[in-house]
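J.: If you want the building blocks of each chain, they are given just below.
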Amino acid sequence: MRLAEAWRVASDALRANRMRSLLTMLGVIIGVASVVILVAIGTGTKQQVEQQVEGLGSNLLLVVPGRIEVGNAPVVSPLDLSDADAVSRVVGDPGRVAVTVASGATARAGNRSDFTTVQGVLETTPSVFTRSLSRGRYLTGADVDTSRRVAVLGDSVARALFPDRDPLGQQVTLAGVRFRVIGVFAPLGQSLGVDRDDEVHVPVTAAQRLWGTQRIDGIAVKAPDRERIDELGDRIVAELSRRHPDTEFSAVTQRQILGVLGDILGVLTGVLAAIAGISLLVGGVGVSNIMLVSVRERTREIGLRKAVGARPRDIGVQFLLEAVLLTSVGGLTGMALGVGTALLVDAFSPIPAAITWWSLALAFGVSAAVGIVFGVVPAQRAGRLDPVVALRAE
Amino acid sequence: MTVPAVEAVDVWRTYELDGVSVSALRGVSLTIDQGEYVAVIGPSGSGKSTLMHLLGGLDRPSGGRLVIGGRDVTTLTAPELATLRNETIGFVFQAFHLLARTSAVDNVALPLVYRGVGARQRRERAAAMLGRVGLGHRLHHRPNQLSGGEQQRVAIARALVTEPAVLLADEPTGNLDSATGEAVLELLERLNAESGVALVMVTHDQEVAARAHRRIAVRDGLIRSDSLHDRPASDGSGVPATLDPAPSAEPRSASGSGPGHPPGGSGGATGATGRLPWEDAG
Ligand SMILES: Nc1ncnc2c1ncn2[C@@H]1O[C@H](COP(=O)(O)OP(=O)(O)OP(=O)(O)O)[C@@H](O)[C@H]1O
Ligand SMILES: [Mg+2]
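First to last, the sequence lines map onto chains W and H.
UniProt numbering numbers the first residue of the first sequence as 1 and each following residue consecutively.
UniProt numbering numbers the first residue of the second sequence as 1 and each following residue consecutively.
Keep in mind that a hint or two might mislead.
[As the list claims (entries may be wrong)] To spell it out: a stretch of chain H is covered by chain W in this simulated footprint if at least three of its residues, at any positions, have a beta carbon under 8 Å from a beta carbon of chain W; those stretches are:
(1) 79-92
(2) 105-113
[As the list claims (entries may be wrong)] Some but not every residue of chain W turned toward chain H, in silico, with C-beta under 7 Å:
(3) L3
(4) E5
(5) A6
(6) A10
(7) A16
(8) M19
(9) L272
(10) A307
(11) A310
(12) P312
Calculated from the structure, these hints are not laboratory results.
Each residue gets a CB set at the ideal place from its N, CA and C atoms; glycine is no exception.
Whole structure, please, built from the sequences with the hints as guidance.
T.: The structure is reproduced here in C-alpha cells:
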C-alpha cells in the first residue's frame with residue numbers, strides 16, 4: 001500500500017471518531033502548549049532580568065558586607081557614611097559613589113496611605129544608577145547635608161497617594177514624620193513580579209534620623225574605567241576590610257550578577273519545561289490507550305483487510321500513522337495555542353514571555369516522537385492479528 | 001489437465017485450548033480445479049469454515065501440504081501469503097464484512113489498494129465490477145444505506161475485483177431471506193460460469209448444494225464424501241470442461257479411516273468421483 005493511501009486511511013479513521021480524536025489530541029495539545037508557554041515565560045523572564053541588570057551599566061560595582069552567593073544569609077552591615085567617604089577617596093570621585101539604607105514604611109498623604117520602601121540615599125544616585133525623573137527635581141547635596149525632610153516618589157507611590165493631584169510640594173508622612181515631595185521618578189515597570197516604582201527616596205541623613213541609626217546597607221560605585229573594574233573592587237574591599245576587620249565584604253560587577261541570575265533562571269526554565277514535559281507524556285499515554293481501543297474496536301476491519309491482501313506491515317503502518325497524525329496535529333495545534341497564549345501573556349500581563357525556536361522544535365519533535373513511541377505497540381498488535389480470529393471478533 | 005487452483009494433501013488443523021488439542025481438520029485432501037463449482041456441506045462444527053480459511057490462505061495448516069496457485073503455503077512468509085491471497089483468492093463471508101463508513105465503490109476497490117493500483121484505476125475497476133453485480137446505480141451508497149442482498153453483492157464484487165482464481169463463499173446466503181439469497185446464489189453461479197472463477201461455497205441448504213457440480217461433505221474434520229454430478233436440467237450451464245468425470249479411487253468417507261488415514265497416495269481421492277450417496281451430509 002502506498003504511503004499516501006495509508007495517510008488517507010488514517011485521517012479518515014480519525015475523522016470518523018471526531019470527538020474521540022479531539023479529546024485524545026487535547027492531551028497532546030495541552031502538553032505541547034504548556035511546554036511552549038512555560039519555556040517562553042522562563043526565557044522571557046531571564047531576558048528581562050538580564051536586560052535590567054545590563055541597564056545598570058557594565059561599570060557598576062556593588063559593595064556589600066558578606067558574600068554574594070546563593071543561599072548565604074544576609075549580614076548586618078557595619079558600614080556608615082564615613083565608609084562611603086573612604087570609598088570615595090579610593091575611587092577619587094565622590095560623584096561616582098552612592099549609598100543606600102532602606103526599610104519598609106507606610107507613606108501617608110491626606111487620608112490615603114501606601115506601604116512602600118523608603119531608601120535613604122545620596123544626591124549621586126541618579127547618575128550612578130541612571131535614573132530619571134518625570135517631574136520636579138532630585139535630592140541635592142544640601143538636602144543631604146542638612147537632613148532636609150524632602151522626598152522623591154516612585155511612580156506607583158505618587159499614583160497611590162496623589163491619584164488626582166500634583167504631588168509636587170505636597171506633604172507625605174513617612175513613619176510618622178512629614179516630608180515634602182520635590183520630585184517623581186519616571187516609571188520603570190516590573191521585574192520578576194516586583195514593582196520597581198514602589199519606592200521613596202529621601203536624604204540618607206534624614207532616613208538615618210528617622211530610624212535612629214548611623215548604619216548604611218551598601219555602597220554602589222560607578223567605576224571610571226571599565227577595564228580596571230575588578231581591580232577597583234579589590235581596592236575598595238581591601239579598604240573596607242581594613243576599617244572593619246571582623247567583616248567580609250564583596251564587590252560584585254554586573255557580569256557576576258548576570259552569571260548568578262542566569263544560572264538561577266536557567267534552572268527555573270528547565271524545571272518548568274520538565275513539568276510541562278510530564279503533561280506531554282501523559283498526553284502520549286492517552287494516545288497509546290486510544291490506539292489500543294481503536295485496534296480492538298476495528299479488529300474485524302483488520303481481519304477483512306488482511307483477508308483481501310493487506311500485509312502485516314500495511315496494517316501496522318496504518319495504525320502507526322494514525323497515532324502520529326493524532327500527535328502531530330495535536331502538536332501543531334498545541335504550538336499555535338502556546339505561541340498565541342505566550343504572546344498574549346507578554347502583551348497583557350506583567351509576566352514577560354519570549355518564544356524560542358528550540359522550544360517549538362522540541363515540543364513538536366517530542367509530540368511526533370510520542371506518537372511513534374506510543375503508537376508502535378498498538379500498531380504491532382494490529383499488524384500481528386490473526387485474520388481468522390480477527391474476522392470472528394464482535 | 002491444467003494446474004489446480006488449490007491443492008490440499010493430508011491437511012490437519014489443530015487448535016490448542018488450555019493445553020488440550022482440538023483438531024478441526026484431521027487429514028483432508030482435495031483439489032479445486034479452475035472454474036469448478038463446489039458445494040461444501042456438513043453439520044455445524046464439522047470444520048467447513050476452517051477448511052475454507054485454509055483453502056484461502058487465511059490460515060495455515062498444522063500439518064500436511066497446501067498449495068495455492070502453485071505455491072506451497074508452508075514455505076511462504078506472512079506478507080507473501082497476504083499477497084497470494086490478494087492475487088488468487090476472493091472471500092465472501094456470511095456477515096458481509098464491509099467497511100461501514102466507506103462507500104460501495106471504495107469497499108470494492110479495497111483489495112486493489114493492497115495491490116498498489118492507483119486511485120483512479122481502482123475506482124474504474126470497482127465501478128465496473130459493481131455494474132456486473134447489478135449495483136451500477138449504488139456506487140456511493142454506504143453499507144447501512146443498502147439492503148442485505150445489496151451488501152452481499154458489494155462483497156461479491158469486492159471478492160472478484162482482483163480477478164481471482166478461486167472464490168470462497170462461506171454461507172453467503174446465511175444472513176439473507178430466501179428470495180434474496182436465491183438472487184445472490186444466481187449471481188455467484190453466473191459469475192462462476194462467465195468468468196471461470198472456481199466457486200467453493202459452504203451451504204446448509206441441500207437444494208443449493210444440489211445445484212453445484214461437485215459436493216464435498218465434511219464431518220468431524222474429515223471429508224466423508226466428494227462427489228461429482230450434473231446440474232439440474234433447469235440450469236443449463238453444464239459441467240465445467242476442466243472436470244474429469246471419470247470415477248476416482250475409493251471415497252474416504254464411508255470407510256471412516258479416521259485420524260490415522262492413508263499415507264501419500266491420498267491425493268488420488270481428490271477431484272472427481274462418481275456419484276456417491278449423499279445421506280451423510282445432513
Ligand atoms: N480458534 C479456534 N480455537 C479452537 N477451536 C476452534 C477454533 N476455530 C474453530 N474451532 C473448532 O473447530 C471446529 C470446526 O469449526 P468450524 O468453524 O470450521 O465449523 P463449521 O463447520 O464452519 O461450523 P458451522 O456450520 O457452525 O459454521 C469446531 O469444533 C470449533 O469449535
Ligand atoms: Mg462455519
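J.: Would you mind marking each hint as holding or not holding in the structure?
T.: Status of each hint after checking the structure:
| no. | hint | verdict |
| --- | --- | --- |
| 1 | 79-92 | holds (count 7) |
| 2 | 105-113 | holds (count 3) |
| 3 | L3 | violated (11 Å) |
| 4 | E5 | holds (6 Å) |
| 5 | A6 | violated (9 Å) |
| 6 | A10 | violated (13 Å) |
| 7 | A16 | holds (5 Å) |
| 8 | M19 | violated (15 Å) |
| 9 | L272 | violated (42 Å) |
| 10 | A307 | holds (5 Å) |
| 11 | A310 | holds (5 Å) |
| 12 | P312 | holds (5 Å) |
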